[in-house]
Amino acid sequence: METIVSIKPLLAVLVSLMVVPILASSRAPNVREAWTFVAAGVKFLIVLSMLPTILKGTEIVYTIAEFVPGAAIQFRVDAFGMLFALVSSSLWIITTAYSIGYMRALKEHSQTRYFVFFAVALSATVGVAFSANLLTMYLFYEMLSFATYPLVTHHQDKEARSSGRKYLLYIVGTSIGLVLPAMLICYNLTGTLEFGKQGFMAGAGASKGLIGLLMVMLVFGFAKAAIMPFHSWLPAAMVAPTPVSALLHAVAVVKVGVFSVVRVITCVFGTNLLLSLDLGTIIVFAASVTILVGSFIALSQDGLKRMLAFSTIAQLSYVVLGVGLLSPKGMTGGMVHIAMHAFGKITLFFCAGAIFVATGKKNMSDMVGIGRRMPITMTAFFIGALSIIGMPPCGGFISKWYLVLGSLQAQQIPVLVVLLFSSLLNAAYFMPFVYRAFFCKPEEAMFENTIKEAPPFCVVPLVVTAIISIILLFYPQPFVRLASMMVQSITGA
Amino acid sequence: MSSQYPALIVVVPLLAGLLVFIAGWVNKKWCFPIAVAALGISAYSSIGLLFRVINEGVIVYKMGGWDPPMGISYYVDHLNGLVLAVVSVVAFLNAIASKRSIEDEFPDNIGAFYALYVLMVTGLLGIVVTGDAFNLYVLLEIAALTGYGLIAMGGGRGSLSALNYLYMGTIGACFYLLGVGYLYIMTGSLNMVDIARILPDLYQSKAVMAAFIICMVGVWIKMAFFPLHAWLPNAYTYAPSASSSLVAPLVTKVMIYVMIRFILTVFTPEYSFNILAVSQPIVWLAVIAIVMGALLALKERNLKKMLTYIIVAEVGYMVGGAWLGNRVGMTGAILHIVNDALMTLCVFMAVGNIVYKVKGADFENLQGLFRKMPFTMGAFVVGAMSMIGVPPTCGFFSKWYLISGAIQAGHYGFMVALVFSSLVNVVLFFRIFEICYYEPFSDHHGHGDEHGHHPEPAMDEAPVTMLVPLFVIAVILVLVGLYTGDIVNQIIDVAIPKGLV
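Those protein sequence lines, which keep their order, are chains A and B. The first sequence lines up with residues 1 to 493 when you count with the working numbering. The second sequence lines up with residues 1 to 501 when you count with the working numbering.
Note that these hints are calculated values from the structure, not bench results. Don't be surprised by glycine CBs; every beta carbon is placed ideally from N, CA and C. Be aware that one or more of the hints could be misleading.
Below, a sample of chain B positions facing chain A; criterion: calculated Cβ distance under 7 Å [unchecked claim]:
1) I407
2) V426
3) I435
4) Y438
Please work from the sequences and hints to get the whole structure.
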């Protein structure tokens with residue numbers, strides 16, 4: 001594998017940290033938001049400028065400090081990291097626009113703090129994407145945990161405090177309690193933490209029991225992936241303002257979790273090792289349970305954001321499931337699902353927020369007939385829901401398709417059943433709501449028949465993400481290309 | 001000039017201490033500049049010395065030109081070169097930061113306070129730089145006696161806890177002296193290098209073993225190793241801010257240094273770990289120290305007192321790491337001397353700022369502090385992250401070495417204790433953050449206009465002279481973390497004898 005040394009990954013991480021002093025000291029909200037846009041745009045461009053190099057099969061490396069051999073603070077941009085960085089940095093721009101609309105419409109307090117920590121969180125996310133080894137990933141993972149705490153608890157009331165506690169308990173408790181010791185044991189076994197295409201644990205010669213234990217510690221330890229039983233922080237974190245939920249809990253935080261889990265499976269242990277020890281089954285089982293249970297709980301929710309949260313829990317496990325199958329198609333599907341789900345789910349969250357801004361409603365039972373009042377928002381919601389269910393004409397179809405192929409390739413018929421049944425469940429929790437929003441009887445409708453949407457800053461972003469969700473079916477590049485490049489380098493095919 | 005660094009480090013603050021005392025009678029304004037200048041020269045010399053040691057190797061400085069074993073020699077290698085730099089920099093930064101709070105708390109005793117402060121630093125630096133076991137005792141008493149004075153100046157419960165500290169400290173020092181006496185009887189020498197040369201023939205002697213253990217117990221009392229810790233929390237809590245942010249980062253760490261000096265240089269790792277064969281129980285004691293320190297910290301409702309119990313736990317980190325009996329653990333212990341001194345300084349300086357402004361460190365005093373003192377709290381958060389062990393702050397990296405050492409030694413109890421203590425630190429610090437962040441609760445939540453939501457406390461930050469040193473130390477925490485590789489490879493690795501693997 002050809003590599004070049006370039007400072008670009010570091011710049012991509014730092015650009016949002018560097019605007020923090022400007023954001024924190026700016027008095028005028030317009031100036032502050034302008035700088036956020038500048039940072040988001042520059043970050044996206046830096047990431048984008050690395051794309052051609054990565055597509056050529058070259059990797060970009062940059063080392064900050066090496067403190068013991070094999071464990072440095074180091075960046076390495078590969079195809080999978082690129083995929084994730086593209087998703088998160090492009091969505092930051094859109095979310096910034098949405099945040100402005102949402103936060104100003106609701107006259108939220110402490111908006112400066114909000115934008116500052118948002119920027120820090122994005123630095124951490126891209127840092128995770130570009131990490132070259134477990135130590136660096138752990139560093140940025142922790143940074144993200146602490147940077148999102150003030151965002152989750154933005155309202156500073158008693159509910160926020162208890163949610164914040166739960167958030168920290170799960171996220172930091174698992175990362176310090178499970179990941180840290182597992183990482184150190186791995187390091188002492190192998191003398192390195194460097195992600196390898198075949199996994200650096202492959203040559204460790206450890207017993208099956210130890211490998212299995214370490215794998216469980218690492219897979220569950222990155223609890224941002226919300227694999228059951230470490231999932232209940234996610235619904236609790238819905239107490240945050242909606243743009244935070246949207247970006248962090250549908251895109252950045254949870255995706256950092258699954259990204260880390262995928263890295264652990266493919267680059268720490270390696271598919272060959274897990275296949276030979278037959279450890280993928282544990283992952284597949286945990287993910288399947290999470291998918292089904294998460295979907296069932298989503299079915300029983302009335303709060304729109306809570307329903308979306310449980311839907312996210314289930315969808316995240318699609319990624320874990322796909323990679324846990326350890327078959328090329330399954331892994332491709334899992335990785336692509338990171339991107340597809342991101343655009344679909346952020347649309348849904350944006351819609352939930354737009355409804356809240358326009359009507360103040362949070363529960364689906366209070367939203368009967370909302371489609372007539374907010375047709376654009378609800379159409380976008382419909383598109384997002386289709387993408388999550390995995391139906392054409394939306395991008396979600398592609399990742400589901402790969403996942404189904406992957407389960408066949410791995411000859412795991414139960415997984416196929418889980419996937420198909422889960423799609424039905426997805427339809428069952430989205431479609432009745434959408435249906436009643438548009439096609440309720442006039443006497444049931446809770447809203448007047450006049451169109452009154454949320455402010456344009458709220459509506460435009462959700463329209464954009466909805467359109468992108470559709471476009472992704474027809475032009476799924478570069479995401480599918482990047483994912484299959486990664487899978488190729490893993491399997492060597 | 002640079003060849004005189006070892007002497008300058010101690011002599012300059014010693015003379016300055018006397019000068020400051022006189023200046024206190026003549027004109028109080030002179031006290032601060034003299035003290036800071038002296039500490040600055042010390043810090044400059046010790047950093048210069050550290051670089052000289054890195055480049056040229058061990059430096060032996062004979063006081064007055066007298067040869068050992070008759071004369072006192074100062075002996076600077078990588079180990080104490082590093083500790084010297086940390087001690088002098090911490091003392092220097094704290095002196096600048098505490099100017100305002102000293103003027104505030106003792107307007108009449110400025111001269112006396114600075115004299116004690118500078119003399120205490122003299123004692124601590126002397127302990128580290130000296131190569132003579134008895135001279136070390138003398139300097140230990142200088143540091144201790146001035147320390148009692150600094151703590152007692154807090155008045156009220158401060159005097160009482162200083163008295164308690166005095167009893168315990170004196171007992172500890174006596175133990176140490178007794179141990180050195182045994183060594184002198186057996187070897188006829190007080191010079192550490194000399195003792196180390198003679199001792200190997202006597203390793204089977206029970207008297208030597210007694211000497212070693214008695215010295216260790218004395219040092220443990222002085223460093224507040226659980227269960228000998230009881231004097232520490234009250235003494236550090238009721239001391240004035242300026243004193244506690246000097247003694248809390250330094251005294252325990254300097255005593256850890258003395259312990260490691262005895263293990264590595266005066267005796268050999270071979271003797272300490274293999275012949276004596278008490279490592280296992282001591283590491284288990286350290287485990288208990290860590291767990292108990294963490295649990296005791298949980299029950300405190302005063303920020304400063306909570307931090308003192310964290311110090312008790314951190315002492316357990318370093319004792320345990322040093323006694324794991326392998327190179328990685330020892331590296332962790334030495335690295336943690338540096339890191340813990342810096343991060344303890346950071347949090348205690350932040351507490352100093354808070355006490356200066358809100359006149360108390362009980363949990364009720366902390367409400368709304370993120371609004372009132374955002375800069376102080378920002379630095380406090382960095383210090384807290386380092387104590388929790390979040391990369392890239394330095395606390396993470398020493399924890400890395402300590403846990404690695406535990407894994408290599410197969411001592412999983414110690415590993416679990418370290419992880420447990422990190423988790424408890426998360427709880428401890430986020431409990432503080434919660435109070436500073438959420439409270440006082442407002443009745444309604446959500447959606448006022450952008451500024452009128454909470455009953456916002458107005459910003460009321462500490463003066464710049466207190467903030468700048470605090471920021472410097474917060475940045476140092478991150479820088480030391482990023483340069484851990486260099487510190488370990490160029491300094492600590494050389495400091496540990498090759499025999500220890």
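* Closer than 7 Å between Cβ atoms is the bar; does I435 (chain B) clear it against chain A? Give me holds or violated. => Status violated, d = 10 Å.
* May I ask you to test the interface hint for I407 (chain B) with respect to chain A, counting a Cβ-Cβ separation under 7 Å as satisfied? => holds (5 Å)
* **Hint check, Y438 (chain B) versus chain A [nearest Cβ-Cβ separation less than 7 Å]** => This hint holds: Y438 (chain B) lies near chain A, its Cβ roughly 5 Å from the closest one there, short of 7 Å.
* **Satisfaction of the V426 (chain B) interface hint, Cβ to chain A closer than 7 Å** => This interface hint holds because 6 Å falls under the 7 Å limit.
In summary, the structure is inconsistent with hint 3 from the numbered list given earlier, while agreeing with all the others.
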